[in-house]
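Enquirer: Here is how the chains run, residue by residue.
There are 2 protein chains.
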Amino acid sequence: MPNSLFTDRLAAAMEAADSLICVGLDPQPARTSPDEILRFNTRVIEATAGLVCAYKPQSAFYEVAGDVGWQALKDTIATVRRVAPQAIVVLDAKRNDIGNTAEAYATSAFDWFDADAVTINPYLGGDAVAPFLQRPDRGAFALCRTSNPGAEDLQSLPMADGEPLYLTVAERAREWGEAHHGNLGLVVGATWPDELVQVRARCPEMPILLPGIGAQGGDLEASVEAGVDAHGRGLLVSASRSVIYAGDAEEIRAEASRLRAAANAANLAREPS
Amino acid sequence: MPNSLFTDRLAAAMEAADSLICVGLDPQPARTSPDEILRFNTRVIEATAGLVCAYKPQSAFYEVAGDVGWQALKDTIATVRRVAPQAIVVLDAKRNDIGNTAEAYATSAFDWFDADAVTINPYLGGDAVAPFLQRPDRGAFALCRTSNPGAEDLQSLPMADGEPLYLTVAERAREWGEAHHGNLGLVVGATWPDELVQVRARCPEMPILLPGIGAQGGDLEASVEAGVDAHGRGLLVSASRSVIYAGDAEEIRAEASRLRAAANAANLAREPS
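If you're matching them up, the sequences are chains B and V in order. Heads up: the first sequence begins at 0 in numbering that gives the first Met the number 0, then just goes up one per residue. Heads up: the second sequence begins at 0 in numbering that gives the first Met the number 0, then just goes up one per residue.
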């Protein structure tokens with residue numbers, strides 16, 4: 000459905016799989032050799048197809064494998080199209096730059112790799128984000144509050160108006176997305192459920208990509224409760240190593256299924272807003 | 000000199016060419032086809048060798064050309080090694096991510112591409128920057144104040160202590176670099192000479208990468224005066240299209256030579272600090 004709005008495509012992917020779960024396709028260099036990446040990912044995609052709404056390959060784990068990895072990233076996205084055609088692909092690349100450089104990154108992500116969305120860094124401002132939002136059927140997710148301890152160094156610092164930087168970023172990003180096709184989302188780490196509540200309150204309609212979900216059901220439940228939109232959607236709960244290294248195909252499928260059920264249960268149990 | 004400190008290598012490259020000039024190897028998709036990139040860059044490197052201290056390929060303009068571009072980026076860096084061995088290579092990739100993902104980006108930049116330094120985005124905080132600073136002979140440049148109009152959206156906003164965000168970033172980056180090998184520099188756009196003065200005052204020892212120099216000598220002179228360190232070094236004045244699309248090899252060399260002379264004249268003319 001190349002002519003649909005990105006937000007509609009995301010909602011359709013969630014409905015089709017009845018799932019908020021996104022699988023991070025992050026082959027670890029120490030565990031998966033460059034030549035094995037495509038086969039490794041294909042097994043994961045086949046095992047999880049129909050259970051998840053999205054796949055999120057992390058560009059760094061392909062780039063580190065050089066030209067072989069770069070091609071494996073493209074082939075991985077093509078494999079999602081073939082095996083799990085209703086899922087969307089978020090290229091996790093944290094790209095950004097100014098002007099026509101950002102345009103080149105957008106073209107690379109959307110045309111060469113054929114990703115549906117790409118993660119971007121907001122630090123350069125709205126004109127650097129705009130090139131990623133030109134196509135109604137594609138989108139981007141801007142970093143807002145990351146899951147690492149160092150996120151405190153800048154993201155949680157108070158601005159002159161008393162707001163932490165990450166909420167200022169959230170507000171700006173909402174404006175940037177609204178000025179295009181509503182196709183800008185936010186990245187908020189699962190390690191900060193209180194901050195997720197704040198972000199969702201400010202940005203009721205924006206898709207949120209939530210990395211950092213591990214094996215702990217608690218985090219997942221608190222995050223779903225805090226992060227879904229008024230329709231119980233709009234949240235991509237991303238899990239990577241806990242799924243892709245769960246074991247054989249059956250164990251991978253079982254872990255994805257468990258996460259999907261836990262997220263859906265938390266979603267049903269939340270207070271109606 | 001793989002065992003030297005990055006800052007010593009940068010100073011040696013500036014001394015060897017008696018130059019602050021860095022050539023941005025940014026082949027424009029509309030003007031240079033993917034198959035021509037390596038030949039195009041080789042001509043530029045041959046024409047400017049000995050006149051410049053550094054080369055800065057912009058990753059986006061290679062990524063947009065797919066696998067051919069990715070390989071051309073690696074081959075371009077190898078060509079700098081061969082043709083201009085005293086120059087350093089800054090991979091302009093604006094990368095960053097958390098934890099072992101940042102490590103993978105650093106490994107890609109330093110091992111697969113063999114870059115001496117890489118540009119990074121500071122928004123994720125110190126623990127995400129650290130993987131780029133582990134090697135004494137390699138370095139990174141963190142975005143501080145970018146040259147685009149949208150830089151005002153976030154970078155110039157005042158923090159609670161009255162400082163604009165970009166100066167807070169500069170101060171944090173100084174601490175992050177000092178905690179490693181002094182191998183973290185800053186990116187400050189040439190369109191903001193007043194801000195460059197502020198950054199240099201806070202960070203007297205940090206290398207500064209200055210993109211955005213066009214054909215205007217005024218910008219260059221004001222930027223050199225504002226940006227060099229106490230030794231008249233520590234500033235990489237980067238020019239891209241005005242050099243690489245100057246014309247034939249002789250015209251490319253003439254333009255690089257003109258920028259080098261203008262920067263050196265401005266450096267000699269500045270007040271001793």
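Just so you know, these hints were derived from the structure itself, not from any lab. Heads up, some of the hints might be wrong.
Incomplete in silico selection of chain B near chain V, CB under 7 Å [unchecked claim]:
| # | residue |
| --- | --- |
| 1 | Asp7 |
| 2 | Ala11 |
| 3 | Val67 |
| 4 | Asp96 |
| 5 | Tyr122 |
| 6 | Thr145 |
| 7 | Asp152 |
| 8 | Leu153 |
| 9 | Arg173 |
| 10 | Ser256 |
Per label pair, the in silico range of CB-to-CB distance [claimed, not checked]:
| # | chain 1 | residue 1 | chain 2 | residue 2 | range |
| --- | --- | --- | --- | --- | --- |
| 11 | B | Ser3 | V | Gly49 | 52 to 62 Å |
| 12 | B | Ala15 | V | Arg81 | 21 to 31 Å |
| 13 | B | Ala15 | V | Glu204 | 49 to 59 Å |
| 14 | B | Gly246 | V | His230 | 36 to 46 Å |
| 15 | B | Ala229 | V | Gly161 | 37 to 47 Å |
| 16 | B | Ala229 | V | Asp7 | 50 to 60 Å |
| 17 | V | Val196 | B | Ala229 | 31 to 41 Å |
| 18 | B | Ala15 | V | Val67 | 29 to 39 Å |
| 19 | V | Leu4 | B | Asp110 | 37 to 47 Å |
| 20 | B | Gln27 | V | Asp74 | 21 to 31 Å |
| 21 | B | Ala229 | V | Arg81 | 55 to 65 Å |
| 22 | V | Val67 | B | Ser3 | 24 to 34 Å |
| 23 | B | Glu14 | V | Ala159 | 55 to 65 Å |
| 24 | V | Asn263 | B | Leu4 | 46 to 56 Å |
Built from N, CA and C at the ideal position, the CB exists for glycine as well.
Enquirer: Give me the numbers of the hints this structure contradicts, sorted from smallest to largest.
Expert: The structure conflicts with hints 1, 2, 3, 9, 10, 12, 14, 17 and 23, although it agrees with all the remaining ones.
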